[in-house]
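The two chains are supplied separately, each in an independent frame; assemble them into the complex guided by the hints.
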Amino acid sequence: MRRFARENGLSLFFAAIFLAALAGQSFAGQRNYNAEQLEHGQQTLSWWHYLVTPDFGGAVLENWQSEFLQFSLFIAATVWLVQKGSNESKKLADDGLESNEQQEIGPNAPLRAPLWAKPDDIRTRIYENSLLIVMTLIFVATWFGQSLNNWRVFNQEQATHDAQRVSWGRYLLAPDFWEKTLQNWQSEFLAVGTLVVFTIYLRQRGSAESKPVGAPHDETASSG
Amino acid sequence: LLRDELDHIVHAMFVLYAVLIVTGVVVFVTIGLTQQ
Numbered sequence: 025m026r027r028f029a030r031e032n033g034l035s036l037f038f039a040a041i042f043l044a045a046l047a048g049q050s051f052a053g054q055r056n057y058n059a060e061q062l063e064h065g066q067q068t069l070s071w072w073h074y075l076v077t078p079d080f081g082g083a084v085l086e087n088w089q090s091e092f093l094q095f096s097l098f099i100a101a102t103v104w105l106v107q108k109g110s111n112e113s114k115k116l117a118d119d120g121l122e123s124n125e126q127q128e129i130g131p132n133a134p135l136r137a138p139l140w141a142k143p144d145d146i147r148t149r150i151y152e153n154s155l156l157i158v159m160t161l162i163f164v165a166t167w168f169g170q171s172l173n174n175w176r177v178f179n180q181e182q183a184t185h186d187a188q189r190v191s192w193g194r195y196l197l198a199p200d201f202w203e204k205t206l207q208n209w210q211s212e213f214l215a216v217g218t219l220v221v222f223t224i225y226l227r228q229r230g231s232a233e234s235k236p237v238g239a240p241h242d243e244t245a246s247s248g
Numbered sequence: 003l004l005r006d007e008l009d010h011i012v013h014a015m016f017v018l019y020a021v022l023i024v025t026g027v028v029v030f031v032t033i034g035l036t037q038q
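Going line by line, the protein sequences match chains A and B.
The opening residue of the first sequence carries number 25 in this note's numbering; numbering runs sequentially from there.
The opening residue of the second sequence carries number 3 in this note's numbering; numbering runs sequentially from there.
One chain only, chain B, in its complex shape (with noise of 0.2 Å):
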């Protein structure tokens, strides 16, 4: 049960950095691609 919320917690903090980014990327492509 330990080893499980372990991997959870590491998971959470992969999982924010990952949405950081693609954010990032996705909503200034978007910008790039269509702003005139």
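Only chain A is shown next, with the shape it has when bound in the complex (with noise of 0.2 Å):
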């Protein structure tokens, strides 16, 4: 048990605030949301109601979907584009999609290789963006569910306002729509490239994220 907290540390520690921060999120979500319903003298909701109300997923997609742009652009991004002297990225001259031999591709795949690494066909090519493919996926699945409980959202306040509801594909040319989306957008991409560029003057001994202590400015991808 304890070889095994400590072989998946970093998965289960993500997983575990992952799962405090989103109860957090809902009990102060219910609250907030509960204070609003008595302002407009409606009914409140118990937290169990509030997890499957539009409110709620709205406000958890409208993260999540950010997120996984976040990192499919990275992913992507990092194949073409480099940044000379960060950890974030390859070496300079590796930019682009490298050679078999670099991959470990076909041929050159080594004994223990996953199973579609080896073929060089079209299995290796799905293979070879299975990262990518998945998180471009689920950024579009979220950012799916997003604009669906967002627009219910809407169209409750609308009511509530007597005002008229909008159509789903009305709502995705909203100003709330776009709002809400772009808010979280901008704060993932200055982060990202906070990142890349902070990586090349500063450190932090002992982590993945960082180059060595001692390595030079101008030193490009030297964690590894």
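There may be inaccurate statements among the hints.
Said to hold, decoys possible - Calculated from the model, a selection of chain A residues having no Cβ within reach of chain B, i.e. all distances over 10 Å:
| id | residue |
| --- | --- |
| 1 | Asn32 |
| 2 | Ala44 |
| 3 | Glu125 |
| 4 | Glu128 |
| 5 | Leu156 |
| 6 | Glu233 |
As the list claims (entries may be wrong) - Taking CB as the label site, the calculated pair distances span:
| id | chain 1 | residue 1 | chain 2 | residue 2 | range |
| --- | --- | --- | --- | --- | --- |
| 7 | B | Val24 | A | Gln228 | 15 to 25 Å |
| 8 | B | Val21 | A | Ile150 | 34 to 44 Å |
| 9 | A | Val216 | B | Val29 | 24 to 34 Å |
Unchecked claim - To be clear about the criterion: a stretch of chain A counts as covered by chain B if any three or more of its residues have a C-beta under 8 Å from a C-beta of chain B, and this derived list gives those stretches:
| id | region |
| --- | --- |
| 10 | 34–40 |
| 11 | 74–81 |
| 12 | 107–117 |
| 13 | 171–177 |
Calculated from the structure, these hints are not laboratory results.
All C-beta atoms in this analysis are idealised placements derived from N, C-alpha and C, irrespective of residue type, glycine included.
Right, dumping it as structure tokens:
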């Protein structure tokens, strides 16, 4: 058990704080939701009931989509774009898809290589892009989910103000949808760009996200 | 045997994250599709 925790510490730690933060969001969200309901003289909801409201769903998914977009773009951009001196970049000479030898594909695949790295046919073409494909699919699914939930919330507010409801298609063009989307995107892009640039000059001893403390500022991808 | 055991452990974390994400997406998309 101790060995399991040690070998999976990173994923266990993030799973645990994810669940804790999600729980915290749901409790705070329910209180906030109920306060607004009381203000408008409407019925309050139990915590269990709040969990299945579009308010909670929209709030969760609008953050999820931006995170998965961030990582999808980061995965794709770091194939072709490099940053001299950054730990988040490949070495400058390695930009692009790299050779089959470098990527250990087909006859270059080692004995214990993943099954689909060996044939060098359509299966390898799928597998060599599988990380980007899956992350992008999650982004699309969560962005779709956000749009549906926020659309429901938008129409509930329209109804309380005796204003006209809008179709989902129309909501996709509404400022409300794009404000909620872009406010999340901008923060993700800033954070990624900051990490790319800050790892040129700043260090964290022992972190996989940092170059070694003594690595020169112009040394790229030195933690490997 | 050690190799097999290690594969299972890595597999378990992969499954945990896949389950978390798929559950979240399915639940919230369903809410978005059905709640008036």
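Please flag the earlier hints that this structure goes against, numbers listed from lowest up.
1, 7, 8, 12
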